[in-house]
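There are 2 protein chains.
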Amino acid sequence: MKTIAVDMDGVIADVYSQFIKMHAAESGKVFSREEISGRPESEVFPNERKHVNSPGFFRNAPMIEDSQAVVERLNDHYKIFIVSGATEFPNSLMEKQLWLNEHFPFIGWQQMVFCGSKEIIKADIMIDDHFKNLDHFTGETFLFTQPHNKMADPGRHRRVESWQEIERLLLQ
Amino acid sequence: MKTIAVDMDGVIADVYSQFIKMHAAESGKVFSREEISGRPESEVFPNERKHVNSPGFFRNAPMIEDSQAVVERLNDHYKIFIVSGATEFPNSLMEKQLWLNEHFPFIGWQQMVFCGSKEIIKADIMIDDHFKNLDHFTGETFLFTQPHNKMADPGRHRRVESWQEIERLLLQ
Numbered sequence: 027m028k029t030i031a032v033d034m035d036g037v038i039a040d041v042y043s044q045f046i047k048m049h050a051a052e053s054g055k056v057f058s059r060e061e062i063s064g065r066p067e068s069e070v071f072p073n074e075r076k077h078v079n080s081p082g083f084f085r086n087a088p089m090i091e092d093s094q095a096v097v098e099r100l101n102d103h104y105k106i107f108i109v110s111g112a113t114e115f116p117n118s119l120m121e122k123q124l125w126l127n128e129h130f131p132f133i134g135w136q137q138m139v140f141c142g143s144k145e146i147i148k149a150d151i152m153i154d155d156h157f158k159n160l161d162h163f164t165g166e167t168f169l170f171t172q173p174h175n176k177m178a179d180p181g182r183h184r185r186v187e188s189w190q191e192i193e194r195l196l197l198q
Numbered sequence: 027m028k029t030i031a032v033d034m035d036g037v038i039a040d041v042y043s044q045f046i047k048m049h050a051a052e053s054g055k056v057f058s059r060e061e062i063s064g065r066p067e068s069e070v071f072p073n074e075r076k077h078v079n080s081p082g083f084f085r086n087a088p089m090i091e092d093s094q095a096v097v098e099r100l101n102d103h104y105k106i107f108i109v110s111g112a113t114e115f116p117n118s119l120m121e122k123q124l125w126l127n128e129h130f131p132f133i134g135w136q137q138m139v140f141c142g143s144k145e146i147i148k149a150d151i152m153i154d155d156h157f158k159n160l161d162h163f164t165g166e167t168f169l170f171t172q173p174h175n176k177m178a179d180p181g182r183h184r185r186v187e188s189w190q191e192i193e194r195l196l197l198q
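From first to last, the protein sequence lines stand for chains A and B.
First residue of the first sequence? That's 27 in this note's numbering, and the numbers climb one at a time after it.
First residue of the second sequence? That's 27 in this note's numbering, and the numbers climb one at a time after it.
Keep in mind the hints are simulated off the structure, nothing from the lab.
Worth double-checking, as some hints may not be accurate.
All copies of an identical chain are treated as equivalent in the list; a pair is satisfied when it fits inside any one copy or across any two copies.
[As the list claims (entries may be wrong)] SDA-like cross-link-like pairs, simulated, lysine to any residue; straight-line CA separation at most 20 Å:
1) K158 - Q136
2) K28 - P116
3) K28 - T164
4) K28 - S143
5) K55 - K105
6) K76 - K176
7) K76 - P116
8) K158 - G134
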C-alpha cells in the first residue's frame with residue numbers, strides 16, 4: 027500500500043479564508059483570491075504571523091472543498107499521513123489535532139505528524155502547496171494550487187487544482 | 027551531514043522515573059529499576075495510561091543522564107530531529123514542546139517531530155527504546171536500554187546503554 031503525506035494548511039485546511047477574514051477585520055479591505063494571486067502570503071497579509079498566533083486561527087479554519095470526502099476515500103486505498111508544519115506555532119499543535127478530530131475523524135492519531143521541517147518525511151507521494159516542502163522530497167510530488175503559488179512554474183511537481191483532480195489521479 | 031532521529035520518552039526524557047514516582051504515590055510500592063527489568067511497562071504500571079494522561083507527566087520528567095550534553099555536541103555534527111510519539115496523548119504535545127524548549131534550547135522548532143507511527147520517518151540513524159519504532163526503519167538503529175527492553179535480544183539493532191556510549195560511537 028502506497029503512503030501519501032498530505033499537508034494541512036492550504037491543502038485540507040483553508041487558511042487563506044482565515045487570513046482574508048482577519049485582514050478584513052483589521053483593515054476593512056476584503057481581498058478576492060484573484061487579486062492576491064501570485065503574491066507571497068507575507069506580502070499580502072503583513073500581519074500574517076500575528077493572525078497565525080491568534081487563538082482559533084487553525085481551530086476555526088474551514089475545510090478546503092472536497093478534501094474531507096476525497097481523503098476519506100483515499101484512506102481506504104493508501105496509507106495516509108497528515109503532515110503539518112506546526113511546531114513553529116506551539117499553540118497550533120492542539121488546535122490542529124482538535125480540527126482533525128472534528129473534520130477528519132477517520133484519521134487516527136497514528137496518522138498525524140506535527141513537525142517543523144518536512145525533510146524527515148518518507149512517503150511515496152506528497153501533496154503540499156509549498157515548494158520548500160516538495161523540493162527535497164524524493165517521491166511523487168503534487169503542488170496544490172493556492173494563491174501564493176498560482177503563478178509559479180511547478181517544475182518537476184505536478185500541479186493539482188482541486189481534490190477532485192487528485193481523486194481522478196489517484197483513485198481512477 | 028547525516029540525519030539522526032532521536033526518540034524522547036525513555037531516551038532523553040526519563041519517563042520511568044515518572045511512572046515509578048506516580049506508582050509509589052498510589053500504591054506505596056517504590057520499584058527499583060532492577061526489579062522491573064524485562065517486564066513491559068503496562069504490566070509493571072497497571073495505571074500507565076492514567077499516569078501518561080496526568081497533567082505534568084511529560085512536562086516534569088527528568089532528563090536521562092548525559093542526554094542534554096551529548097545531543098548538544100551531536101547537534102554540531104549531525105542533523106538532529108527529536109521524533110516523539112505524542113499524538114496518542116493530545117495533552118502531551120504542548121508539554122513536550124515546552125520540555126524541549128527548557129532542557130534542549132539548542133533544538134529549534136524545525137527539529138521537532140510529534141507523531142503517532144514512526145513509519146513515516148526518514149533519517150540515517152534512529153535512536154529509540156522501542157522495537158516497534160526501530161523494526162521498520164531502514165537506516166542504522168540504536169536500541170536505547172530501558173527496563174522494558176533490557177532482557178530482549180536486540181536482533182539487528184545495536185544496543186546502547188547510555189549517552190556516553192552513543193557519544194563514543196558517533197563522535198569519536
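Checked hints:
no., hint, verdict
1, K158 - Q136, "between (25 Å within a copy, 13 Å between copies)"
2, K28 - P116, "neither (31 Å within a copy, 27 Å between copies)"
3, K28 - T164, "both (14 Å within a copy, 17 Å between copies)"
4, K28 - S143, "between (22 Å within a copy, 15 Å between copies)"
5, K55 - K105, "neither (42 Å within a copy, 43 Å between copies)"
6, K76 - K176, "neither (24 Å within a copy, 48 Å between copies)"
7, K76 - P116, "within (13 Å within a copy, 24 Å between copies)"
8, K158 - G134, "between (27 Å within a copy, 18 Å between copies)"
Checked against the numbered hints given earlier, the structure breaks hints 2, 5, 6 and satisfies all the rest.
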